[in-house]
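Colleague: These are the residues of each chain, in order.
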Amino acid sequence: MDLFTTLVFLLDSAVRVSIPLLLAALAGLYSERSGVFDIGLEGKMLAGAFAAGAAAAVYGSAWVGLGAAVLVSTFFALVHGFASITHRGNQIVSGVAINFIAAGSAVILGQAWFSQGGRTPLLSADARFRAVQLPFADAVSDLPLIGRIYSDLLSGHSLIAYAAFLLVPFTWWVLFRTRFGLRLRAVGENPAAVDTAGISVAWLRYRAVMCTGILTGLAGTYLALSQNAGFVKDMTAGRGFIALAALIFAKWRPVPVMFACLLFGLLDAFAIRIQGTPLPIIGQVPVQFIQALPYILTVILLAGFIGKAIPPRAGGVPYVKER
Amino acid sequence: MSAPYAKLPAWADYGLIPLINLAVAFIVAGFVVLLIGENPLRAAAIIVDGALGYGQGVAYTLYYATSFIFTGLAVAVAFHCKLFNIGGEGQAYVGGLGVAAACLTFDSILPWWLTFPLAVAGAAIAGAAWAFIPAYLQAKRGSHIVITTIMFNFIAASLMVYLLVNVLKPAASQAPQTRNFLEGGQLPKINWMLEALGFSIRSAPLNVSFFLALLAAFLVWVLIWRTRLGYEIRMRGHSPKAAHYAGVNEARIIIITMLVSGALAGMMAVNPIMGDLGRLQIDFVTEAGFVGIAVALMGRSHPAGVVPAAVLFGILYQGGAELSFEMPGISRDMLVIIQGLVILFAGALEHMFRPSLQAVFARLPRAGGGALKHGGDA
Numbered sequence: 001m002d003l004f005t006t007l008v009f010l011l012d013s014a015v016r017v018s019i020p021l022l023l024a025a026l027a028g029l030y031s032e033r034s035g036v037f038d039i040g041l042e043g044k045m046l047a048g049a050f051a052a053g054a055a056a057a058v059y060g061s062a063w064v065g066l067g068a069a070v071l072v073s074t075f076f077a078l079v080h081g082f083a084s085i086t087h088r089g090n091q092i093v094s095g096v097a098i099n100f101i102a103a104g105s106a107v108i109l110g111q112a113w114f115s116q117g118g119r120t121p122l123l124s125a126d127a128r129f130r131a132v133q134l135p136f137a138d139a140v141s142d143l144p145l146i147g148r149i150y151s152d153l154l155s156g157h158s159l160i161a162y163a164a165f166l167l168v169p170f171t172w173w174v175l176f177r178t179r180f181g182l183r184l185r186a187v188g189e190n191p192a193a194v195d196t197a198g199i200s201v202a203w204l205r206y207r208a209v210m211c212t213g214i215l216t217g218l219a220g221t222y223l224a225l226s227q228n229a230g231f232v233k234d235m236t237a238g239r240g241f242i243a244l245a246a247l248i249f250a251k252w253r254p255v256p257v258m259f260a261c262l263l264f265g266l267l268d269a270f271a272i273r274i275q276g277t278p279l280p281i282i283g284q285v286p287v288q289f290i291q292a293l294p295y296i297l298t299v300i301l302l303a304g305f306i307g308k309a310i311p312p313r314a315g316g317v318p319y320v321k322e323r
Numbered sequence: 001m002s003a004p005y006a007k008l009p010a011w012a013d014y015g016l017i018p019l020i021n022l023a024v025a026f027i028v029a030g031f032v033v034l035l036i037g038e039n040p041l042r043a044a045a046i047i048v049d050g051a052l053g054y055g056q057g058v059a060y061t062l063y064y065a066t067s068f069i070f071t072g073l074a075v076a077v078a079f080h081c082k083l084f085n086i087g088g089e090g091q092a093y094v095g096g097l098g099v100a101a102a103c104l105t106f107d108s109i110l111p112w113w114l115t116f117p118l119a120v121a122g123a124a125i126a127g128a129a130w131a132f133i134p135a136y137l138q139a140k141r142g143s144h145i146v147i148t149t150i151m152f153n154f155i156a157a158s159l160m161v162y163l164l165v166n167v168l169k170p171a172a173s174q175a176p177q178t179r180n181f182l183e184g185g186q187l188p189k190i191n192w193m194l195e196a197l198g199f200s201i202r203s204a205p206l207n208v209s210f211f212l213a214l215l216a217a218f219l220v221w222v223l224i225w226r227t228r229l230g231y232e233i234r235m236r237g238h239s240p241k242a243a244h245y246a247g248v249n250e251a252r253i254i255i256i257t258m259l260v261s262g263a264l265a266g267m268m269a270v271n272p273i274m275g276d277l278g279r280l281q282i283d284f285v286t287e288a289g290f291v292g293i294a295v296a297l298m299g300r301s302h303p304a305g306v307v308p309a310a311v312l313f314g315i316l317y318q319g320g321a322e323l324s325f326e327m328p329g330i331s332r333d334m335l336v337i338i339q340g341l342v343i344l345f346a347g348a349l350e351h352m353f354r355p356s357l358q359a360v361f362a363r364l365p366r367a368g369g370g371a372l373k374h375g376g377d378a
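These protein sequences, in sequence, are chains A and B. Sequential numbering from 1 applies to the first sequence in our numbering. Sequential numbering from 1 applies to the second sequence in our numbering.
Quick caveat, the hints were computed from the structure, so don't treat them as lab data. The structure presented is a predicted model; accordingly, all values stated were derived computationally and were not measured. Worth double-checking, as some hints may not be accurate.
Derived lysine-lysine pairs resembling DSS-like cross-links, with alpha carbons at most 27 Å apart [unchecked claim]:
#: 1; chain 1: A; residue 1: Lys251; chain 2: B; residue 2: Lys169
#: 2; chain 1: B; residue 1: Lys241; chain 2: B; residue 2: Lys140
#: 3; chain 1: A; residue 1: Lys321; chain 2: B; residue 2: Lys140
Not close to chain B: a few residues of chain A, all C-beta gaps over 12 Å, as computed [as the list claims (entries may be wrong)]:
#: 4; residue: Phe4
#: 5; residue: Ser13
#: 6; residue: Val64
#: 7; residue: Ile101
#: 8; residue: Leu154
#: 9; residue: Phe176
#: 10; residue: Arg183
#: 11; residue: Ala292
#: 12; residue: Ile296
Cβ coordinates follow ideal geometry from the N, Cα and C atoms, glycine included.
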């Protein structure tokens, strides 16, 4: 294989790996921008993946799977909202709780309903979101350079993948060009001001949390119905936390979130590719080091050595009207 | 507040509310059991019987509880300083390095009672070291400790896999683990203690680190409530501004608290590694670090609450293992749900029942009348 082909394949797998990260990170963006910290992205994504796998297996339709995933993830998001908005509980604690409840329930219910050791049954092609061939992908594949990029890199992803990338400009537009977005950002910075303007802080935050639920549902659906053919125990494998890292890395802004996710995806794809092969100059790099790199980078960023990550000011603080 | 309101008596605040929260968590867990078509009451009976019904079960329960006491105390100490240390899992994992270092070096020359303190010190140092970077970054650079400790859990997992596969694994072996420790690196079991009470035990990993856990609980109580440092930790936890005004060096307190927390989490490694496995291996922590969060929340960050909460989770772990034999539909993952529900109801929703309970107390003839005079307008 020549270098160019390798590069296209590497980028292609990077894109595939980064899509669930992107969806989850965008999900977190809505919630955290409204002042509700969410370390339960992992759990909601996992619950969504299970719901998608289970519903698609039973009803044989990918769209039913998607619907179930969105419903279940949104339910968990609302539990998080109930604890942290209505009852002013600790948002971190609530997120941790949701991660555990989702991880346990998925396996227990999966085992009870399908008896396959916590997996959902292997899905047929109809019950999955299959790769979409962009128009003329075959026709242009012979063209040098552009043809390969178009047919191998851009074409051949699932519908959700294209939706994920469209959601980036959409999220930017919602947050920075609509009234809802302005208020959402305001409630994350200074809820008292929003309250004084006669807008309900709780209702705004609930809507933000619901957006988070919908998007984590999409992320879970992608994992269970596109990347794999069904739900597998612990299939999110820490992606919710990498997404959180990407969100911080991107300083809570939609377009940088996309680049952060692509970067982390590239690292992951790279780690798989170079396993066992020494690199020029540096020599053999332990694969574990590259796997840990997103986390290490996030810590370095948080330490303020690559710019400064400043979270929304009211993040993590429950709003109390009387104060 | 227009509803009648009364300040809760201490027993209700520290006893009744946690009990209600716990009961609700278990009721919801019962619904999950119902959902998969089993009888929750029978499941509960099997858990209790499997954990406490016979000697072997009791010994295993206390073995699990030992680990949870350490990780629970670790989270609790940090809570007093208003720090949320989610990194117990990683700190315990890295703490294993300290245990392994002591045991691999000295197991052939020293008896266990000399290796033991060295291993404990090694575990505490390794765990504290792993907590130091997040602590330093929080104290000096304001990086959110929750995020950094989560990241350090993942970094620890990668680091330990790397070390076990590439450095610590004996050349002849395939499995990612160190060589087995000799006698000097293994802790004596204390099953005789239960046998003296009339139980019969075939083999169970309950070992002397159980006493170490109880000692640690006592020392944490002394530290938090009987020393100047503990006072400063609690002051920082209640009000960073007041602490600053009183001349407390905030950065110093944050770092010291996290070092203590990390050391406690690291010491957890002694129990499984020296007490049961006899070697350092991959994933020996088995989520005890995360259970510590539930334990600390349930025990309201007080050692006197952490120890019984740890025993309760020991019961759930041991009984849950029995349950998965009796009811194949309910694997040990049921515990993860229960753990999550306990964290949700005892932690995030801890104040959910307070207003209604306060209303009830306000209507009580004697207690309410007195309290209304003081707290009626609050």
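Colleague: State for each hint whether it applies.
Modeller: Hints, verified against the model:
The straight-line distance between the Cα atoms of lysine 251 (chain A) and lysine 169 (chain B) is roughly 41 Å, outside the 27 Å bound, and the hint therefore fails. Taking the CA atoms of lysine 241 (chain B) and lysine 140 (chain B), the gap is near 16 Å; set against the 27 Å cutoff, the hint holds. Under the criterion of a C-alpha separation no larger than 27 Å, the hint pairing lysine 321 (chain A) with lysine 140 (chain B) is inconsistent with the structure, at around 32 Å. Against the 12 Å criterion, phenylalanine 4 (chain A) stays outside the reach of chain B, whose nearest CB is about 31 Å from its own CB.
Here serine 13 (chain A) stays apart from chain B, with its beta-carbon at least about 20 Å from theirs, past the 12 Å limit. For valine 64 (chain A), the non-interface assignment is confirmed: its Cβ lies about 20 Å from the closest Cβ of chain B, beyond the 12 Å cut-off. With a minimum CB-CB distance of about 4 Å to chain B, isoleucine 101 (chain A) fails to clear the 12 Å threshold, and the non-interface call is violated. No beta-carbon of chain B comes within 12 Å of the beta-carbon of leucine 154 (chain A); the shortest separation is about 31 Å.
Every CB of chain B is more than 12 Å from the CB of phenylalanine 176 (chain A) (nearest about 25 Å), matching its label as outside the interface. Residue placement check: arginine 183 (chain A) keeps its beta carbon more than 12 Å from all beta carbons of chain B (closest about 25 Å). The Cβ of alanine 292 (chain A) sits about 4 Å from the closest Cβ of chain B, inside the 12 Å cut-off, so the non-interface label is violated. A beta-carbon of chain B is positioned within 12 Å of the beta-carbon of isoleucine 296 (chain A); the least distance is around 6 Å.
Figure legend: structure checked against the earlier numbered hints; hints not met, in rising order: 1, 3, 7, 11 and 12.
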